[in-house]
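Chains as they are written, first to last, in the working numbering: chain A, 1270 to 1755; chain B, 26 to 344.
Bear in mind the hints are in silico, worked out from the structure with no lab data behind them.
Note that CB positions come from ideal geometry on N, CA and C, so glycine has one too.
It is possible that part of the hints are untrue.
[Unchecked claim] Here are some of the chain A residues that sit facing chain B, going by a computed Cβ distance under 8 Å:
#1 ALA1285
#2 ASP1445
#3 ILE1589
#4 ARG1661
#5 PRO1700
[To be verified] Derived pair list, reagent style DSS-like, types lysine-lysine, alpha-carbon separation capped at 27 Å:
#6 LYS57/B <-> LYS263/B
#7 LYS1750/A <-> LYS28/B
#8 LYS1487/A <-> LYS98/B
#9 LYS1487/A <-> LYS1667/A
[As the list claims (entries may be wrong)] Chain A side only, calculated, beta carbon under 10 Å to chain B, not exhaustive:
#10 ARG1391
#11 PRO1435
#12 GLU1437
#13 PRO1594
#14 ARG1605
#15 LYS1609
#16 ILE1752
#17 PRO1753
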Amino acid sequence: MGWSPYLWGVLLFGLANYIIGILYIQITTPMPRSGADYVIPARLMGPFWGWINSWMILWSWTPVWSWMAWVTIRNIKQLVDILRIAGVTTASVPWLLDTPTAAWLGSVILIAGMLIVMMPPRRYYRIIAALGILSIISLLIIAFGTAVVSQSALAQNMKALMGVSPSELIATAVKDGYDPAGRFDMTTAAGMAGYILFVIGGYQYSASISGELRGDVKKSLTISILGSLTFFMIFSLIFIWFVLAQFGYDFSVGWSYLFWSARSDAPLMLPPINALLTTIAAPSLWPLWLIAAVAAIIGVWLVIPASMLYINRLALAWGIDRLTPKSLSDVHPKFRQPMKLVILEGIIAVIFYLLLVFAPDFNPVNYAWWNTLMFMPSYLFPAICALLLPRRRPDLLKAVPWRSWLAPLAVLWLVIIVPFYIFAGVIGSVPPMAPGLSVWEYAISTGLTATAVTIIIGIIIYLIVRSYNLRRGIDFNQIFKLIPPE
Amino acid sequence: MPKTRIYYCCDIHGSDVCFRKALNIARYDLYKAGVMIVGGDLTGKMIVPIVNQANGSYSCTFLESTHILRSEKEIAEMQKAIADAGFYAHIGEPQEIEDLKKDRQKFNALINELIIARMEEWMRIADERLDSLSVQFFMLPGNDDNPKCGEIINVAKHVKNPDGRVVNIDGFHEMISSGASNITPWKTPGDYPEEELERRLEAMMSAVTNPGNCILNLHVPPYDSGLDVAPKLDENLKPVLVGGEVMRIPVGSTAVRKMIEKYQPKLGLFGHIHESGGETYIGKTLCVNPGSEYSEGILRGYVVEIDEKGVRQFYRVEG
């Protein structure tokens, strides 16, 4: 197997991610604030844009928590399956995925995430760091372990253990629309969009807690953003190389296709990056895969407390600027966390999760337009802020790292991301209107109406709060406007 | 009684741009505040030398970069950037700069001279810009400030120094002010033991007619209020690390906390700990610390509106 298009994709989009990573460092360093994805656009573009950007980020992330709980349950089942394949137990736990069990177990998983966010920041960061290291161990074991397993062993064991052979899986994927020619097509590009988004999620988290960084903010952000990107990119290249080489391109990408396009034929309903795959290919090494499986459970679950903290810092910044009731953002004197916001997050997470389990049609994350539109500001706003910073806040310019690169990098990012977003995020992800479907039916069935209604609700809330505050003598526009310096 | 709107900022530490911004808030009536309070610390701590080179140019190392200045315009721009960041530019010959580095006495004499010159310049600008405005403009020296700063403010026409006094700001609310602090690791001119601080505060409070209506403008925040969290330092003034992380502890004043708990004033305005900005309630008392980013030229503050019933609203501003 040679250097596949998928590896090119990882390399090229990994390199492109350095641009947005550097932009995040540049716009956050002179203004390190908790809730940066609200605070920075608010200061540079105006409070309305800060609000609408963070409002959309809020609704792009909150349904993701339910999905993470859903994957965590499958990872727990995977752990038991590994023990069964290894002969340690004969127990089978398909009931874990049954509706009633999945409902309460997923809720417990989400509440556990919420409890972590309630801890004092210092303890929270320690826990997140320790668990993060565990999940990296999982990735490393799987990546390098994949190098020692063989395609023939996989083919031999898979049918017996999973009920489907690699060739049957590829045939299902092809039947569902996967193109086995291995071209760099819409599917690959959409996958890459997910990759970029995953990394940007990390940037958002780093930027959002920048107000809590102490000492050299630029150094801390550079290490966390560019360091993690470099690790992630090198790791992805090695890992994807091994996976494609050991398991075959069509098998790996076909499985991935089934998973990302939410086909129920995807084994375990998990992506092919899992310890079960290596267990099937090399059952005798099961203790190694078991460690990886435990770390994978933690790694996926970790996204819940990490993104909950990210979102509550946005809401905390709203409260400080009086966009939401002050009392909602009160910081608990002992735990130093905005407890009411954290509890609210927990409630929203459980509601979305129960919707996912009992009424998936009502979970917005299942709709293409929702994901495409709600995540859009995440891609565009950092570059727009970078372009506006010299004009709107010239006083901050001297603190911008590598400032002569600020505008060129912002323009370069927009030149890359706008066509890519249209190509992969819209054309590649959103289904075209089927014949016979009215515009209204299409809008409802693809999540366009839900997205529009959510954005309009955000705008209405802003207008009401603005008018209420103006009556009380608080003008949002004056809260952080540049005061004439001379 | 009508509502009284207060704008409060602090810890500008010699930043020329922050001071000018504070004046412009009053000049352009940006926050509609009738009372403006610039809390301590007012002065900077560092001299940035601009060294005369043999070839007629000047060299200056500022914010980790070395600049070669070849014209008067470039020198003026550098002096402005240094002043805006809260430092004091000093043009000198290489030998003089070397002497300053070695001789602490000479350094202290020079920095005090520069501090006083800037304070006098600030008061001149303030008197010019505040003339004909109805705003009350208070400036309170902090524990870091040379005692002469208070004397300079005292002779200004339109700026009042409230330090150690009870001031009635609107005919209803009295404000007591003190730039003193509990003992800091740096042993600054305004550091006092907690007992002495308590004695001074009690003396001021005893002169207040209605403590429940009072405003405490005290620079040092109350102990363990969340507005006073700072790195723990060892005997060499280096941060103490625990598990690779800087250990943070409350460093506020127990005397200030005692005053708040005992008298439950309406409002407490604090500063001192730049990285611990925020707002909290101790009992009925709203306590705020805007924090400070003076070196970035960002002026952080709070707008608080009060009337006879209490604090009507408050919010953080920055610009």
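Results for each hint:
The beta carbon of ALA1285/A is not positioned within 8 Å of any beta carbon in chain B (closest approach about 30 Å), and the interface hint is therefore violated. Here the hint on ASP1445/A is broken, as its CB sits about 49 Å from the closest CB of chain B, past 8 Å. The restraint placing ILE1589/A at the interface with chain B holds, with a minimum CB-CB distance near 6 Å, inside the 8 Å limit. About 11 Å separates the beta-carbon of ARG1661/A from the nearest beta-carbon of chain B, more than 8 Å, and the hint is not met.
With 8 Å as the threshold, the beta carbon of PRO1700/A stays out of range of chain B, its nearest partner Cβ sitting at about 46 Å, so the hint is violated. Restraint check: the Cα-Cα separation between LYS57/B and LYS263/B comes to about 43 Å, which exceeds 27 Å; the hinted pair is violated. Simply put, LYS1750/A and LYS28/B have alpha-carbon atoms about 24 Å apart, close enough for the 27 Å limit, and the pair holds. A threshold of 27 Å between alpha carbons decides the hint, and for LYS1487/A with LYS98/B the separation of about 30 Å lies outside it, so the pair is violated.
With a C-alpha separation of about 13 Å, the suggested pairing of LYS1487/A with LYS1667/A holds against the 27 Å cut-off. The criterion of a C-beta within 10 Å of any C-beta in chain B is met by ARG1391/A, whose closest approach is roughly 7 Å, and the hint holds. With 10 Å as the threshold, the beta carbon of PRO1435/A stays out of range of chain B, its nearest partner Cβ sitting at about 46 Å, so the hint is violated. Evaluation of the GLU1437/A hint against chain B yields a violated restraint, the C-beta minimum of about 51 Å exceeding 10 Å.
For PRO1594/A, the interface hint is violated, the least distance from its beta-carbon to any beta-carbon of chain B being 12 Å, above 10 Å. With 10 Å as the threshold, the beta carbon of ARG1605/A comes within range of chain B, its nearest partner Cβ sitting at about 7 Å, so the hint holds. The criterion of a C-beta within 10 Å of any C-beta in chain B is not met by LYS1609/A, whose closest approach is roughly 15 Å, and the hint is violated. The criterion of a C-beta within 10 Å of any C-beta in chain B is met by ILE1752/A, whose closest approach is roughly 4 Å, and the hint holds.
Here the hint on PRO1753/A is kept, as its CB sits about 5 Å from the closest CB of chain B, short of 10 Å.
Hint compliance for this structure: hints 1, 2, 4, 5, 6, 8, 11, 12, 13, 15 are broken, all remaining hints hold.
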